[in-house]
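Enquirer: Could you build all of it, start to finish, from the sequences and the hints given here?
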Amino acid sequence: MSDTREVELARDLLAGKEEAFDRFVETFRSKIFQYSFMMCGHREDAEEVSQETLLKVFESFDQLREPERVKAWVFRIAKNACLMKRRKSVFAPSQELSLDQFLPVSDDDGGHRKLQIADWSALPDTQVLRAELRDVLSRAIAGLPEIYRGVILLRDVEELSTEETAAALDVSLEVVKTRLHRARLAIRQKLDEYLR
Amino acid sequence: MSPMQPETGKPFQDCKELFALLSEYLDEELPPGTCEQIRAHIAGCPPCVEFVNSLRRSVDLLHKFRSGEAPGPLPEAARDELRQAFRRNREGAGFHA
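Respectively, the protein sequence lines represent chains Z and F. No gaps in the numbering here: position 100 of the first sequence is 100 in the working numbering, and each next residue is one more. No gaps in the numbering here: position 26 of the second sequence is 26 in the working numbering, and each next residue is one more.
Please note: incorrect hints may appear among the correct ones.
Claimed, not checked - Just the calculated beta-carbon pair ranges, DEER-fashion:
{"hint": "1", "chain 1": "F", "residue 1": "ARG83", "chain 2": "Z", "residue 2": "GLU174", "range": "34 to 42 Å"}
{"hint": "2", "chain 1": "F", "residue 1": "GLU50", "chain 2": "Z", "residue 2": "SER30", "range": "32 to 40 Å"}
{"hint": "3", "chain 1": "Z", "residue 1": "ARG43", "chain 2": "F", "residue 2": "PRO32", "range": "22 to 30 Å"}
{"hint": "4", "chain 1": "F", "residue 1": "GLY33", "chain 2": "Z", "residue 2": "GLY41", "range": "50 to 58 Å"}
{"hint": "5", "chain 1": "F", "residue 1": "PRO73", "chain 2": "Z", "residue 2": "GLU59", "range": "17 to 25 Å"}
{"hint": "6", "chain 1": "Z", "residue 1": "SER60", "chain 2": "F", "residue 2": "LYS16", "range": "42 to 50 Å"}
{"hint": "7", "chain 1": "F", "residue 1": "GLY44", "chain 2": "Z", "residue 2": "GLN116", "range": "19 to 27 Å"}
{"hint": "8", "chain 1": "F", "residue 1": "PRO73", "chain 2": "Z", "residue 2": "ARG11", "range": "24 to 32 Å"}
{"hint": "9", "chain 1": "F", "residue 1": "GLU81", "chain 2": "Z", "residue 2": "GLU163", "range": "16 to 24 Å"}
{"hint": "10", "chain 1": "F", "residue 1": "GLY44", "chain 2": "Z", "residue 2": "LEU83", "range": "44 to 52 Å"}
In short, the hints are calculated from the structure, not lab data. Ideal Cβ placement from N, Cα and C applies to all residues, glycine included.
Expert: This is the structure we're talking about:
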């Protein structure tokens, strides 16, 4: 969900307070870049998408009816700017993920069922992700088909609500929930493989 | 990939039904009754506990994830282009900088 600072910045700009302009640019340029880099896979495209998105945002700022939803509004514009790039994704091809492919394997261990899950307690419990783990996660996200990658970037990385993600991507709530769950299962599986 | 075996532990169908709902469960987007059913199942199913914990941890890591790539400094000309667009829009809305 849009945090208080982002909403305040949007409100200030809507009120014509130009002193909020630089902070708004700084805050959202970084977020748009992260999203578009993970969607497009090219730094140059991500830089262009960031500028094109912010330009569109400022050209149509009076159309932001609800400052509380500024993040969803900005990412909707960013998503369209990414689509306009029309460059073939360097990441995974488009395909559907099925639930069954993520069902964990189980062993029968003396009459007790035991899932083949790695020891997750080995994961570092720090605020900042270790570089190696960040790379694993980055590759796992990049390996997701585009329709799942878009959802997980907005819902889990940017922490938009289900409703905001649906609005940004122009899909239904059910589609967001379905894609999010399959994307999370795919990420969990990759992390589990890394920990083995 | 082999599915979980129904003859050991909880019935297969229970685990599989729960499997489809885990993200909504973690996000607290399910009706209270469904959440209670899931909690009751998990309480008696160690493999599901293990799986739910690993999925929850994955989501926590995603919340902390940043790609490590950052945009370069914004050139002044690009900043001016944005500022002019903002001013034009505000003037159109009745504000004058």
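Enquirer: Could you tell me which of the numbered hints above are not met by this structure, giving the numbers in increasing order?
Expert: Violated: hints 3, 4 and 9.
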